[in-house]
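Engineer: Sequence:
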Amino acid sequence: MVRRLRLPTQPVLVYQGKASNEIRKALIRMNRKKLKLGVFIPPRITEVEPGAVHHAGIGRIPRATQRDLMSLLDSLDGVEVHKDLNFRQSFIHDGKIYTDGFCLNNLAIYVWYCEVDRNVGSYDLEVLKTLARDIRVVVDPFNFEVGLDKYLAHLRLSKAGVSVAETVLFDHNNIQRVKGVLEKWGRAILKPRRGKFGKGVMLIESYPMLRDMVDYISSTTGLNPDKAYMLERYYDNTIDDWVGTTIINGELVYGYRKRTSKWVPLGGGAMKVYDANEVGGEVEQCDVTPEQEREALTAYRALGCEIVGFDFITHKGKPIIVDENTFPGYYEDIFRQLNKNPADEFFKLITCELNRTGQAIA
Numbered sequence: 001m002v003r004r005l006r007l008p009t010q011p012v013l014v015y016q017g018k019a020s021n022e023i024r025k026a027l028i029r030m031n032r033k034k035l036k037l038g039v040f041i042p043p044r045i046t047e048v049e050p051g052a053v054h055h056a057g058i059g060r061i062p063r064a065t066q067r068d069l070m071s072l073l074d075s076l077d078g079v080e081v082h083k084d085l086n087f088r089q090s091f092i093h094d095g096k097i098y099t100d101g102f103c104l105n106n107l108a109i110y111v112w113y114c115e116v117d118r119n120v121g122s123y124d125l126e127v128l129k130t131l132a133r134d135i136r137v138v139v140d141p142f143n144f145e146v147g148l149d150k151y152l153a154h155l156r157l158s159k160a161g162v163s164v165a166e167t168v169l170f171d172h173n174n175i176q177r178v179k180g181v182l183e184k185w186g187r188a189i190l191k192p193r194r195g196k197f198g199k200g201v202m203l204i205e206s207y208p209m210l211r212d213m214v215d216y217i218s219s220t221t222g223l224n225p226d227k228a229y230m231l232e233r234y235y236d237n238t239i240d241d242w243v244g245t246t247i248i249n250g251e252l253v254y255g256y257r258k259r260t261s262k263w264v265p266l267g268g269g270a271m272k273v274y275d276a277n278e279v280g281g282e283v284e285q286c287d288v289t290p291e292q293e294r295e296a297l298t299a300y301r302a303l304g305c306e307i308v309g310f311d312f313i314t315h316k317g318k319p320i321i322v323d324e325n326t327f328p329g330y331y332e333d334i335f336r337q338l339n340k341n342p343a344d345e346f347f348k349l350i351t352c353e354l355n356r357t358g359q360a361i362a
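Numbering (UniProt numbering) for the sequence shown: 1 to 362.
Careful: at least some of the hints might be erroneous.
[Stated by the list, open to error] When the alpha-carbon atoms are kept at most 27 Å apart in a straight line, the in silico BS3-like pairs for lysine-lysine are as follows:
(1) K33 with K348
(2) K36 with K179
(3) K179 with K199
(4) K316 with K179
(5) K184 with K129
(6) K184 with K316
(7) K96 with K34
Everything labelled a hint here was simulated from the structure, so no lab data went into it.
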């Protein structure tokens with residue numbers, strides 16, 4: 001019995017030689033479904049440009065950096081980029097996030113970096129956490145929220161073996177329980193759990209001082225403003241040894257120090273960083289010791305925020321983390337000084353996340 005071969009109805013193209021690999025790659029790219037990337041990284045507005053889309057008060061990076069980053073995203077092969085998807089102007093319908101008629105849940109990855117309402121249960125955080133239950137969201141909102149809370153952030157770092165300031169959390173009704181700890185420490189720092197720029201940070205030098213301070217707050221507000229009070233052990237240190245760090249995508253980008261203009265007395269010879277206008281700045285680039293870098297990167301992995309910073313003091317020759325910053329110091333002059341492009345740092349973070357999907361990105 002003779003079998004007849006069925007000839008293909010479509011012509012078969014055979015590619016040989018070096019060019020064949022490039023042609024095959026091109027065909028794969030044509031047939032590959034593009035990854036959908038959503039982005040909301042608004043620029044920091046100093047002056048409104050005519051016709052420009054702007055979101056006053058929430059941008060964190062300069063306009064020039066934001067433009068460079070958007071241009072880099074446009075160059076991505078195999079990625080469908082959806083820009084300016086503002087989660088703050090969205091609504092949630094049965095777990096689906098909609099903004100301007102676009103469903104964010106249909107994305108593969110959503111990347112955001114802007115100011116948010118940091119209060120517990122805020123709509124901004126609820127939107128991001130709801131979305132993160134379906135797709136990859138960068139910065140991770142669950143870890144970001146932990147980073148906002150000084151107590152929870154300190155606790156997570158401590159559990160990971162990071163050298164972090166010793167802390168106590170207590171209710172005003174049980175303040176007497178803290179007396180022994182405070183007497184052992186000698187001095188402590190009373191901190192708002194979700195504080196920033198040094199506001200509300202107070203030096204406590206005795207138990208009676210703590211008791212009277214807490215009684216005053218409780219009697220005038222009628223509650224615990226932070227649900228509980230947080231005490232942090234005070235360690236003798238000097239401002240010359242204070243170091244801030246900025247980490248993006250697992251890389252310690254730089255270290256910096258605050259100039260003396262950003263330091264104010266706490267009393268008893270102690271000092272704190274304080275920024276009444278919440279504008280930042282007044283810094284100088286500085287070296288980060290290998291031990292500080294190890295601690296910072298261990299803390300980065302423990303906290304799980306893709307963009308984060310940690311503040312160090314040095315006590316008896318040992319680095320100790322005293323603060324976590326979910327919006328770390330961003331200083332254009334330090335980037336220039338180190339010949340680094342901030343847009344490249346953000347771009348590397350985004351491409352790394354895209355490649356984690358298993359689909360290679362050019």
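Engineer: Taking 27 Å as the top limit, are the C-alpha atoms of K179 and K199 close enough?
Structural biologist: The given pair, whose Cα atoms are some 25 Å apart, holds under the 27 Å limit.
Engineer: Compare the distance between the alpha carbons of K184 and K129 with 27 Å, and conclude whether the hinted pair is satisfied.
Structural biologist: Judged against 27 Å, a Cα distance of about 40 Å means the pair is violated.
Engineer: Would you check the hint for K184 and K316, treating anything up to 27 Å between C-alpha atoms as holding?
Structural biologist: OK: K184 and K316 at ~18 Å, within 27 Å.
Engineer: Is K36 close enough to K179, meaning Cα to Cα at most 27 Å?
Structural biologist: 55 Å, violated
Engineer: Just to be careful, I want the Cα atoms of K96 and K34 compared with a cutoff of 27 Å; is the pair within it?
Structural biologist: 21 Å, holds
Engineer: For the pair supplied as a hint, K316 and K179, is the alpha-carbon distance within the 27 Å limit?
Structural biologist: Satisfied, since the Cα-Cα distance of roughly 25 Å is no more than 27 Å.
Engineer: Verify the proposed pairing of K33 with K348, using a straight-line Cα cut of 27 Å.
Structural biologist: 22 Å, holds
When each numbered hint is compared with the structure, violations occur for hints 2 and 5.
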